[in-house]
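Q: Given the coordinates of chain G, work out where chain W should sit on it, guided by the hints.
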Amino acid sequence: MIDIHTHVLPFVDDGSPNIEASLKMVEAASLAGVTDLFLTPHFMKLRNYLSEYSQNKIIFASFLDEVKKAGVPIRLHLGNEIYYTITTVKDLKNQIVVPLGDSNKALLEFSLDEEDEDIAEAIHNLKIIGYQAIIAHPERYSYVKYTDYQVIRDMGGLIQINAASILGKYGLSIQKMVLRLIKEGLVDFVASDNHNFRSYGLKEAYLLIEKRFGSQIAKSIFVNKTILL
Amino acid sequence: MEYFQYKNVVLESPNSIEAEAYRKLELNIALASLDRKMQVIQCTSATPEDGKTTTSINLAAVLAEKGKKVIILDFDLRRPKIHRAFHQVNDSGFYEYITNHVDYHDLIVHDDSKIDLLLSGKRISYPHLVLESSLTTQLIASLRNEYDFIIIDSPPVLSVTDSVIISKHVDGVVYIVAYNRTKKDDAKEALKILRQNNVNIIGGVLANIDFRKSKGYHGYQYAYSDDQSETK
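Chains as they are written, first to last, in our numbering: chain G, 1 to 229; chain W, 1001 to 1232.
These aren't lab readings, by the way, just hints derived from the structure by calculation. If you're wondering where the values come from, they're calculated on a predicted model, not measured in any experiment. Among the clues, some could well be false.
As the list claims (entries may be wrong) - Restricting the straight-line Cα-Cα distance to at most 20 Å, the calculated cross-link-like pairs of lysine-lysine (PhoX-like) are:
| hint | chain 1 | residue 1 | chain 2 | residue 2 |
| --- | --- | --- | --- | --- |
| 1 | W | K1066 | W | K1037 |
| 2 | G | K145 | G | K176 |
| 3 | W | K1114 | W | K1068 |
| 4 | G | K203 | G | K169 |
| 5 | W | K1122 | G | K127 |
| 6 | G | K45 | W | K1122 |
| 7 | W | K1114 | W | K1007 |
| 8 | G | K183 | G | K211 |
| 9 | G | K93 | W | K1122 |
| 10 | W | K1007 | W | K1024 |
| 11 | W | K1007 | G | K127 |
| 12 | G | K57 | G | K68 |
| 13 | G | K176 | G | K203 |
| 14 | G | K203 | G | K183 |
| 15 | G | K90 | W | K1122 |
Next comes chain G alone, as it looks inside the complex (with noise of 0.2 Å):
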């Protein structure tokens, strides 16, 4: 499986708090069968998590090392989940947050309970720049109705949602709308959003989906691979 929002990388925001934590949650990844992993830490003003990328890569490496040492089977990727505002695009243009690994592909998070910025003008300007946005875990925004899928889907924006909804750990109305939402098709991620070592709900929410929708939809958002690309 490929795992594409983690606060695995420790000391920058509310993910782990050391290096033996985030051992920890690589280990545990890895046993539950991801070879790739994001470490991508939350850049959000609102909270002061403002741990930039010249910052974040130098834990990145060094963390790097760690893990070699304890010999875990895995790659890791650095990025960012992104907290959207009206200066995201300068501090992508500026290196102070960064897209997923390799790609051009951004983690975009919004506020969970008021719109107070528009999803569609975010997609809409990382586009303009070269960016593809992936919205973080849309069914955890209470503003967001069923019908934006399409809209995010239609403006070029990738849909992540985490592994906890399928699972109900948001409750039923989420559980069942992700279900609907993979059944037709507008789900593009499923991903941890892993924040620390006890819980790690993605194979329990792969093999739930696999026996509701059958391997081949389970990968297609479980592995895609394409952000690796």
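A: Relative to chain G, chain W alone:
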């Protein structure tokens, strides 16, 4: 969250019937300018998605084609769209001029089409107050000295008061009605509001016509009427 696409037929297919229809619109505005200078032109309509933005961008393209220096102001501050029509990033614009007093020259986007744009930038909380402000009056007064034509895209008349406020800054208003879309009562009501406010309506545009279905009209995108007879 909305998906919309705009076609600038004057730029993309300059020899089409549709592009020709916009050239006729420009000619009619030129005729209307014989008595009174039409330098600042506002495009508006009764309801959303009637064709305001499409008319604004194509009218600007016809003027640019004739070698005129043109700027479009996106004053539909609640649902700005000009940046999407021109494939530009909307991360700075009118907001910075109003809030941070940035020199507007630094905010103007010079599009490859030779049309200049002042986009909306960050969302403004009270657009109607901002549009009424002296800063807006000063901006338009200064632009009059720098451009041959200033085209203003504005919100629908029946949705918000912004359009009537904008009309106080302009020389003339082009009123757009979408064929088979705008409700007759809405079109009449909006026209009434504009007239009550003594707005100088230079003409009406009947947008959204498919000439393959509507024989007798000479435009695909719209037909032009100088007396708004369709809306009476």
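Q: Looking back at the hints listed earlier, which ones does the structure fail to meet?
A: Violated: none.
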